[in-house]
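Colleague: Construct all of the structure, not just a fragment, from the sequences and the given hints.
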Amino acid sequence: MTKKQSIVMKYDASKILQRKKKSILEEWMKNQLADETLREDLMSNEDLREQSTELLDSLLKTINDNNIDNGESADFENVSEILSGISISRARQGFTPKETGLFVLSLKDALLQTLRSEISDNPEALYDSSMRVNKLIDTFSVVTFETFIKGREEVILRQTDEITEISTPVIRVWDGILALPIIGTLDSARTQVVMENLLQEIVSSGSGIAILDISGVPAVDSLVAQHLIKTVSATRLMGAECIISGIRPEIAQTVVHLGIDLSNIITKASLASALRYAFTLLHLEVRKVGSKDKTLI
Amino acid sequence: MIVVLNKENMLIVKEQDVVLFRNRLKEYAVKIGMGLVNQTKLITAASELVRNMIKYASGGHILIEVISKGRENGIRLTFKDQGPGIPDIPLAMKDGFSTGKSLGLGLPGARRLVSEFDIKSIVGEGTTVSIIKWKNG
Amino acid sequence: MDKIPILRMGRFLLVTIQVDLYDRLALNLESDLVQMVSKTGASGVLIDISALSIVDSFMGRILGNIGSMAKILDAETVVVGMQPAVAITLIELGLELKGVHTALNVEKGMELLHTKMAPIEESEEETSDSRVE
Numbered sequence: 019m020t021k022k023q024s025i026v027m028k029y030d031a032s033k034i035l036q037r038k039k040k041s042i043l044e045e046w047m048k049n050q051l052a053d054e055t056l057r058e059d060l061m062s063n064e065d066l067r068e069q070s071t072e073l074l075d076s077l078l079k080t081i082n083d084n085n086i087d088n089g090e091s092a093d094f095e096n097v098s099e100i101l102s103g104i105s106i107s108r109a110r111q112g113f114t115p116k117e118t119g120l121f122v123l124s125l126k127d128a129l130l131q132t133l134r135s136e137i138s139d140n141p142e143a144l145y146d147s148s149m150r151v152n153k154l155i156d157t158f159s160v161v162t163f164e165t166f167i168k169g170r171e172e173v174i175l176r177q178t179d180e181i182t183e184i185s186t187p188v189i190r191v192w193d194g195i196l197a198l199p200i201i202g203t204l205d206s207a208r209t210q211v212v213m214e215n216l217l218q219e220i221v222s223s224g225s226g227i228a229i230l231d232i233s234g235v236p237a238v239d240s241l242v243a244q245h246l247i248k249t250v251s252a253t254r255l256m257g258a259e260c261i262i263s264g265i266r267p268e269i270a271q272t273v274v275h276l277g278i279d280l281s282n283i284i285t286k287a288s289l290a291s292a293l294r295y296a297f298t299l300l301h302l303e304v305r306k307v308g309s310k311d312k313t314l315i
Numbered sequence: 015m016i017v018v019l020n021k022e023n024m025l026i027v028k029e030q031d032v033v034l035f036r037n038r039l040k041e042y043a044v045k046i047g048m049g050l051v052n053q054t055k056l057i058t059a060a061s062e063l064v065r066n067m068i069k070y071a072s073g074g075h076i077l078i079e080v081i082s083k084g085r086e087n088g089i090r091l092t093f094k095d096q097g098p099g100i101p102d103i104p105l106a107m108k109d110g111f112s113t114g115k116s117l118g119l120g121l122p123g124a125r126r127l128v129s130e131f132d133i134k135s136i137v138g139e140g141t142t143v144s145i146i147k148w149k150n151g
Numbered sequence: 052m053d054k055i056p057i058l059r060m061g062r063f064l065l066v067t068i069q070v071d072l073y074d075r076l077a078l079n080l081e082s083d084l085v086q087m088v089s090k091t092g093a094s095g096v097l098i099d100i101s102a103l104s105i106v107d108s109f110m111g112r113i114l115g116n117i118g119s120m121a122k123i124l125d126a127e128t129v130v131v132g133m134q135p136a137v138a139i140t141l142i143e144l145g146l147e148l149k150g151v152h153t154a155l156n157v158e159k160g161m162e163l164l165h166t167k168m169a170p171i172e173e174s175e176e177e178t179s180d181s182r183v184e
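Residue numbers (my numbering), protein chains in the order written: chain U, 19 to 315; chain H, 15 to 151; chain V, 52 to 184.
Hint data in this document are derived by calculation from the structure and do not stem from the laboratory.
Every residue gets a Cβ at the ideal spot worked out from N, C-alpha and C, and that includes glycine.
One-sided excerpt, in silico: chain V residues whose CB lies under 8 Å from chain H:
id, residue
1, Asp-71
2, Tyr-73
3, Asp-74
4, Ser-104
5, Ile-105
6, Ser-108
7, Phe-109
8, Val-137
9, Ile-139
10, Thr-140
11, Glu-143
12, Leu-144
13, Gly-145
Modeller: Now the structure itself:
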C-alpha cells in the first residue's frame with residue numbers, strides 16, 4: 019500500500035463526519051442560536067432543532083467517500099428535497115434570503131470545525147477533505163437560494179392576482195348600465211382581465227350599456243389601446259354597447275400619435291357625460307321633481 | 015426545453031370525429047387549468063384547422079400533447095394530412111385570402127388565437143400545422 | 052335524422068342551437084329556416100346561441116347566411132346569447148357577423164326586432180311625454 023493510499027484510508031472524511039454526528043448537530047445548533055439574526059419570532063428553537071436534525075440525518079446517511087464533494091449526486095436527492103422544502107417554507111414565512119442561507123452555511127462551519135479537530139495531524143489531508151466538504155455545501159446553498167426565490171415568486175404571483183381582482187370593480191349604476199372605473203396602470207394582462215369581467219357582468223346583469231372609465235389611468239400604450247378597442251368590439255358583438263370615458267388629454271395625444279383609430283368608439287370626457295349619454299340611449303331623461311322642464315340636470 | 019407530459023393521437027376521417035376531437039381537447043385544456051377564454055381560443059383555432067384538413071385533404075391525424083416549458087404548461091397540437099399541400103404559404107396566411115368558398119380566415123385567424131404557430135407544406139405530399147397554446151395565453 | 056326545432060312566436064321564429072352543427076345539420080337548418088320564413092311570412096328570426104361555447108368561422112358563415120337569406124325574404128335576424136369567451140374569440144379571429152343583429156337575450160332580441168319593423172308599430176315604444184301636442 020502506498021503512503022498516499024494509507025493516508026486516504028485513515029482520513030475518510032465521510033466516515034469521520036458520520037461518527038461525529040451528535041457533536042456536529044450541537045455545534046451547528048450553537049452557531050445558529052448564537053447568530054444575532056436568528057428569527058425566534060418566526061420559528062421556535064425546537065422546530066429549528068427538528069429541521070436541522072432532519073437535514074443532518076439525511077446528509078450523513080448518504081454521504082460517502084465518492085460523493086462527498088458532489089452536491090449534485092443522485093445520492094443526495096433526498097437531501098435536496100428536504101433543503102428545498104425548508105427553503106420554500108421559510109420564503110413563505112417571511113425569512114430573508116440571508117437568514118435562510120445562513121442555515122446552510124452555519125452547517126458548513128460545524129462540519130469544517132469537526133474535520134479540523136479530527137484530522138489535526140495532517141494538514142494536507144485536512145485541506146483536501148475541507149475543500150471537498152466546502153464544495154458539497156456550496157452546491158446545497160445554491161439549491162437553497164434558488165428554491166427560496168421560487169417560493170417568493172409564488173407569493174408575488176398570488177398577490178398580483180389578488181390586486182388585479184380588487185382593482186377592477188364593476189358597478190351597476192342604473193338598470194341596464196354598468197360602470198367600470200379603472201385605477202392604476204393598465205397593462206396588457208390587466209386589460210384582458212378587465213375585458214373578461216366586463217363581458218361576464220354584462221351577461222349576468224343583462225345590462226345593455228357598459229361605461230369603462232379610465233380617468234384613473236395615467237398612460238395607455240398601443241397594446242392596451244388595441245385591447246380596449248377589442249373590448250368595445252366584443253361588447254357590440256354580443257349586442258350591448260361600451261362607452262369609454264375619462265380619457266386624459268395626454269392619452270388622447272398618445273393615441274393619435276400612435277395612429278390608433280378610435281373613430282368607431284364612443285368616447286366621453288367624463289363618467290358623468292357618459293352616463294348622460296347612456297340615458298339617452300335608453301330613452302331616459304332626468305328631470306327636477308315638480309317641474310315640467312325636460313332639461314337633463 | 016419543451017417536455018412532453020402526455021400525448022394522444024387522433025385520426026380524423028369524418029365530421030363526427032371533429033366533435034370527439036373537440037371534446038377530448040377540452041378535457042385536456044381543463045385538466046391543465048386553462049382559463050375559459052384561452053380554452054375557447056384554442057378549441058376555435060383547432061376547429062378551423064381540422065375543418066381545413068377535412069375539406070382539403072379528406073382527413074388526417076391530430077397529435078395532442080400536454081407540454082411544459084420551464085414553469086409554463088400548455089397544449090401542443092399537430093395537424094398532419096396527406097392532402098394536396100399549400101403552394102404559397104405566405105399568401106394563405108394573409109387575411110382575406112381564400113381558395114375555397116370560405117372567407118379565407120382559417121389560417122391567419124387561427125394563428126392570432128394561439129401562442130405559437132408553425133406550418134409546413136409540400137405540394138402533392140401534404141401539410142403539417144403545429145400550434146401551441148400556453149395555459150396563460 | 053337530427054333536426055333543429057324552429058319555434059314560432061307570433062311574427063317571429065325562434066331557433067335554439069344547442070349542439071355542434073356539422074355540415075349536413077347546418078345546411079338543413081338554413082333551408083328549414085328559409086322555408087319557414089317564407090311559409091309563415093315571419094318578419095323576424097331569433098337565433099339563440101347561448102349554449103354554444105365554440106363559434107368558428109364555419110358557424111359564423113352559417114349565421115351570416117341565415118341573415119342574408121332571411122333579409123331577402125324581408126325578415127330581420129337577431130343572434131342572441133353570445134357567450135363572452137365566444138365574443139372575445141370572434142374578435143380575435145377577425146370574424147365579422149354581417150347581415151345579423153345581436154342582442155343579449157331573447158327578450159332584448161324581440162325588442163330589437165320590434166324597432167326594426169314597420170313604422171306603425173314604432174310609436175308603441177315612445178314614452179307618453181313625447182306625445183305630439
